[in-house]
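Protein chains in written order, with our numbering: chain A, 1 to 338; chain B, 1 to 338; chain C, 1 to 338; chain D, 1 to 338.
Among the hints, a few may not be true.
What the hints assert, rightly or not - Restricting the straight-line Cα-Cα distance to at most 27 Å, the calculated cross-link-like pairs of lysine-lysine (DSS-like) are:
| # | chain 1 | residue 1 | chain 2 | residue 2 |
| --- | --- | --- | --- | --- |
| 1 | B | 232 | A | 124 |
| 2 | C | 223 | B | 232 |
| 3 | D | 232 | A | 232 |
| 4 | D | 273 | C | 273 |
| 5 | C | 304 | C | 273 |
| 6 | B | 232 | C | 232 |
| 7 | D | 223 | A | 232 |
| 8 | C | 124 | C | 160 |
| 9 | A | 223 | D | 232 |
| 10 | A | 273 | B | 124 |
| 11 | A | 304 | A | 223 |
| 12 | D | 232 | C | 124 |
| 13 | B | 223 | C | 232 |
What the hints assert, rightly or not - Which stretches of chain B does chain C cover? Using the computed rule of at least three CB atoms under 8 Å from a CB of chain C, they are:
| # | region |
| --- | --- |
| 14 | 5 to 12 |
| 15 | 175 to 184 |
| 16 | 225 to 239 |
What the hints assert, rightly or not - Simulated DEER-style distance windows between Cβ atoms:
| # | chain 1 | residue 1 | chain 2 | residue 2 | range |
| --- | --- | --- | --- | --- | --- |
| 17 | B | 65 | A | 280 | 31 to 41 Å |
| 18 | C | 182 | D | 91 | 43 to 53 Å |
| 19 | B | 186 | A | 94 | 48 to 58 Å |
| 20 | A | 22 | B | 187 | 33 to 43 Å |
| 21 | D | 232 | C | 58 | 45 to 55 Å |
| 22 | C | 58 | B | 235 | 50 to 60 Å |
| 23 | D | 234 | A | 305 | 54 to 64 Å |
Rather than coming from a laboratory, the hints here were simulated on the basis of the structure.
This one's a predicted model, so the numbers in the text were calculated from it and none came from an experiment.
We put the CB at the ideal spot given by N, CA and C, even for glycine.
Number of protein chains: 4
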Amino acid sequence: MANDRLRGIFTPNIVPLDSRGEINESELRRYCDWLIERGVHGLYPNGSTGEFTRFTFEERLRIIEIIADQVRGRVPILAGAAEANVRETLRACEHYHSLGCRAVAIVAPFYYKLSPAGVYAYFKEIADNTPIDVTLYNIPMFASPIDVPTVKRLAEECPKVVAIKDSSGDLPHMMRMISAVRPIRPDFSFMTGWDAALVPMLLVGCDGGTNATSGVAPEIMRKLYDLTVARKLDEALDLQYRVLTLFDAMLFTAEFPEGFRAALQLRGINTGKGRQPKSDVQEQQLLQLTRQLQCLLAAEGFTKEPVGGCSVGEAMDPDAIARIVQGVVGELKKRGIA
Amino acid sequence: MANDRLRGIFTPNIVPLDSRGEINESELRRYCDWLIERGVHGLYPNGSTGEFTRFTFEERLRIIEIIADQVRGRVPILAGAAEANVRETLRACEHYHSLGCRAVAIVAPFYYKLSPAGVYAYFKEIADNTPIDVTLYNIPMFASPIDVPTVKRLAEECPKVVAIKDSSGDLPHMMRMISAVRPIRPDFSFMTGWDAALVPMLLVGCDGGTNATSGVAPEIMRKLYDLTVARKLDEALDLQYRVLTLFDAMLFTAEFPEGFRAALQLRGINTGKGRQPKSDVQEQQLLQLTRQLQCLLAAEGFTKEPVGGCSVGEAMDPDAIARIVQGVVGELKKRGIA
Amino acid sequence: MANDRLRGIFTPNIVPLDSRGEINESELRRYCDWLIERGVHGLYPNGSTGEFTRFTFEERLRIIEIIADQVRGRVPILAGAAEANVRETLRACEHYHSLGCRAVAIVAPFYYKLSPAGVYAYFKEIADNTPIDVTLYNIPMFASPIDVPTVKRLAEECPKVVAIKDSSGDLPHMMRMISAVRPIRPDFSFMTGWDAALVPMLLVGCDGGTNATSGVAPEIMRKLYDLTVARKLDEALDLQYRVLTLFDAMLFTAEFPEGFRAALQLRGINTGKGRQPKSDVQEQQLLQLTRQLQCLLAAEGFTKEPVGGCSVGEAMDPDAIARIVQGVVGELKKRGIA
Amino acid sequence: MANDRLRGIFTPNIVPLDSRGEINESELRRYCDWLIERGVHGLYPNGSTGEFTRFTFEERLRIIEIIADQVRGRVPILAGAAEANVRETLRACEHYHSLGCRAVAIVAPFYYKLSPAGVYAYFKEIADNTPIDVTLYNIPMFASPIDVPTVKRLAEECPKVVAIKDSSGDLPHMMRMISAVRPIRPDFSFMTGWDAALVPMLLVGCDGGTNATSGVAPEIMRKLYDLTVARKLDEALDLQYRVLTLFDAMLFTAEFPEGFRAALQLRGINTGKGRQPKSDVQEQQLLQLTRQLQCLLAAEGFTKEPVGGCSVGEAMDPDAIARIVQGVVGELKKRGIA
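Bound conformation, chain A alone (with noise of 0.2 Å):
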């Protein structure tokens, strides 16, 4: 049965837009290809990455149509399925069941913060009603935390969870839920959404990654998995240390999923603008972001180094980049999700 959990890098899919703002449907096929072609063990669209909260609820259905078509079973689909409520969830649950999906992933519910029994109750609901397998998504960052009783009473009493993404980059936290739901659920699969510790984390006993950073740099995320899964440490490691920089780079100087959008842009994807509109200085420090990602990016071999090119300090300055994590970091906190 164990062999059966969810396994390896599932990438939680950008969805690139035209220039009127609506979904790329041509992109958005070639893109399906060209994670599938760099080695994704499979696609998670609708999901944060995703920007699902941004769309309608007419196109996060046709987001995945698209791509269950265009997959047609080369990787399982991880289809994010949450809806303004436990009916228009089900609703969706059974469209992506019909569709071949392997599984739906729902974020906790967000908004309103809701208390570990709140969490059980709207999962339990949705458990218990639904054809298709179930991946919980804790995201405390943006939506009510999962906590370990709440996952470990699910997994007992739901055989339709099957999985968990977590991203809240808690090592010992993901120690304490596989420490609970293991011996109860070999089937149960535990994946994290941390891109800075997929190593570590799968060393820890998770089952793989649900990375934004596999949407832009498929390659390293494979191979991140891949070295770690053969045990050759040392490479996965040092590995490691470059993810951080890029998804730091990535992840905290701009608007999520900002960073991630430009870093796509440069790999040769035509992702469109972002439908969250953005003030002058926010289009400036995109503009010197994406040509910092360039050079991460060149350094990895990914694309040319940017007119000018890249100097030791601009291709990888960990502490430019440490700043700018302080900061933002301090702005999570402060927020009380980080």
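Following the hints, complete the assembly by docking chains B, C and D onto the known chain A.
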């Protein structure tokens, strides 16, 4: 110009649901009349108390249509218009304008936590394109915070931005906003969403409140407003203390807004059950709370006492409530939102 | 009994230091006289503003001895008595009692963050063995929080506990405490340490304030108190707005309590330099702040304007201050303390 | 140079007290021997586990004197030297240097929450004047955080700053520090204070741990270190999971460091009672915890099972512990410290 400011008590109304969980149109109409008859100055549908995130786009439109049709100009309507993205939000703005609403209220972006620059860009884009006046809605408990410099900048640059509803409950913060904005925009209105501090908020210059408690006890919140405006301070403060107990009980002893729904049911409005599933433990707690609320409401003359009567301790046990408040404030704080 | 409550403005005084960083006894004596002459109702040495943690045990004793000797009963002294452990604290209590202090103020345990049960046990042990009345000191920004049920329990069980100084700045929290304690202990006093909200705090029932601003502008804080007690609300609120600007400037634009020290220097008290080292950047910021404070104090008639005069914007730029407050409140929040 | 780095497991030792609450010198000496015999690489007195804030200055000096005299160079001593201000801290540094300590550890300023600039200025002043090497001690749970740019700047400018002890438990944060500092200071040591993540911390490049658990189970923490250094990962991770359970139980089920004291008592060290008073409820909880710890320690072969034996559930109930951890992590988070 300052005379045209939004003023008074605007009720963020709950939406009654029928046994299938659908909008109960006739009860919603009856509820609107009930509120207006009891003196509220305006209605504020599709707010947090109105659980806007748990309805679909179509349902949110329908709620405003019903209310606009029922109110027929007797009181102004402040229509919650936050949608998935700017384009959808503007569609809602246009529709609510055509229905004769006085203004819309738009919560800062949520789920993703935006920086002040991002919050600014979002509201600026909306304000530059909306046909209807906009009320900023700051609720750091649930959404990206709107800070003082951002409020000031939007007030300076956007004539369509005419008010802010602030639910932070932070009195000096409100004073800082008034200090920054009133000199340049005497027509700009400040509304507090923190029922526990309505009197002091009005004293420092707020124009009114959008208070969930007014949906349950409109008579009291209206009286609180009138007493304060008339500078009958001793009476006002005495009543404020009683409102604090009632508000704490409704806000902190159940998942929001279940406590308000339970109290409203006691007032004779057939609210139906909320859409968010509840665990057995939560159902039992809600029953307990309902009995306690009945005592609180009976003490104000709004209902009969429950069978068995209300001991002094039961009717008004600030101690028990304090204990609960402490626990929940802790919960909120640990999520960085109080 | 309620007539004996601690009341009025108690100044948490800074300790002037000489050029070697030692206590400047003569200037401390002059400062005490200066404060009393300007109307403060009491002194509160060894508080947070008094930087009690940066002095040794012997120095803290010496500070109280000097002040008790200088004050000679003209105003009551509330002596900060928090020491390394209960035994040391009780030694301090006994000494301050023998010096004729009115009461001691004891901050909740800090560094380690204690649970409510631990906070209770700590104060209970002290209260059962102290010869002098005790004021609980709640400053969740810096120390373990003292929650409402704990305040109530201590008020019930410990006659020696006669007051709480609360620096949380949370108005409904203060109301909850008053609600819980006043009925059972009419002699119990509530003092607010949040200068920005003195007027509303007094209105809801506080007995006074222990406000750092009163160490710099005793005339203003005394006037604020008198106006509020006399229910001259419009004047009081107008002054409260100006105090907010001054308080924000002193509190948020420098490491606490450097802003207050700089302002006090401008008032002619030779404070000397603080013991906490400052970086060059911090020294420069403090110079800038000093100029701004001089304009604020000049606007109140307490000093001359600085050379070059004060532009309107410079003297009172709530905008600039707002921006700074925002930043610092962010800093505080990210540490969970505001 | 890198060979001289501080390395291995340094035990932040508890100080045994006698029945009057005084330092129990003979038991402290016996405890030092006991730890050294069980393989710890160094001692770290006057740390957080050593409750430095609950002793007087004179007692802190005495603790180091006793330990230095007892250890007589068998293992290096890292002496906690944080005092009321820079001058007092330097006095302690000089004394500990004269006693032959390897280095001092100095926690960032606490009570007041300093900005990075203030933290920098504080350590710079100390580092420029100390005769003994300095370990920065970052414990954002209790003291002002030391951020990555500050660590880097101090490492660059101050040769006397030779290490950081980081108790944040944040793995990417540790990686960012190593990334920033190791290239410029190969002799700089990184020690983790987060026992629950020792293995992954060592894997990413930490040099060792200052782990409270090593004061209770030195054999285990030493083995964890040796296994990891020898890259026997499966054994190391298996042991890390058991350490997590033990650590969680000791850390989260009682006021820190009472759980560690209770466990140490079970190991046969006569710790005496702590100085912080406990309420009846806390005493009872501690009794319960002691029984549970006895089962955990018995499972590792360190003690007998308690009378009545250990049911499987009792000895190792990760579920119950998880529930408690959840509660306490909540408590910590609500104070912004986890």
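Quick rundown of the hints versus the structure:
{"no.": "1", "hint": "232(B) - 124(A)", "in the structure": "51 Å, violated"}
{"no.": "2", "hint": "223(C) - 232(B)", "in the structure": "23 Å, holds"}
{"no.": "3", "hint": "232(D) - 232(A)", "in the structure": "13 Å, holds"}
{"no.": "4", "hint": "273(D) - 273(C)", "in the structure": "41 Å, violated"}
{"no.": "5", "hint": "304(C) - 273(C)", "in the structure": "22 Å, holds"}
{"no.": "6", "hint": "232(B) - 232(C)", "in the structure": "13 Å, holds"}
{"no.": "7", "hint": "223(D) - 232(A)", "in the structure": "23 Å, holds"}
{"no.": "8", "hint": "124(C) - 160(C)", "in the structure": "10 Å, holds"}
{"no.": "9", "hint": "223(A) - 232(D)", "in the structure": "23 Å, holds"}
{"no.": "10", "hint": "273(A) - 124(B)", "in the structure": "18 Å, holds"}
{"no.": "11", "hint": "304(A) - 223(A)", "in the structure": "21 Å, holds"}
{"no.": "12", "hint": "232(D) - 124(C)", "in the structure": "51 Å, violated"}
{"no.": "13", "hint": "223(B) - 232(C)", "in the structure": "23 Å, holds"}
{"no.": "14", "hint": "5 to 12", "in the structure": "violated (count 0)"}
{"no.": "15", "hint": "175 to 184", "in the structure": "holds (count 4)"}
{"no.": "16", "hint": "225 to 239", "in the structure": "holds (count 3)"}
{"no.": "17", "hint": "65(B) - 280(A): 31 to 41 Å", "in the structure": "38 Å, holds"}
{"no.": "18", "hint": "182(C) - 91(D): 43 to 53 Å", "in the structure": "48 Å, holds"}
{"no.": "19", "hint": "186(B) - 94(A): 48 to 58 Å", "in the structure": "55 Å, holds"}
{"no.": "20", "hint": "22(A) - 187(B): 33 to 43 Å", "in the structure": "38 Å, holds"}
{"no.": "21", "hint": "232(D) - 58(C): 45 to 55 Å", "in the structure": "54 Å, holds"}
{"no.": "22", "hint": "58(C) - 235(B): 50 to 60 Å", "in the structure": "53 Å, holds"}
{"no.": "23", "hint": "234(D) - 305(A): 54 to 64 Å", "in the structure": "42 Å, violated"}
In summary, the numbered hints that this structure violates are 1, 4, 12, 14, 23.
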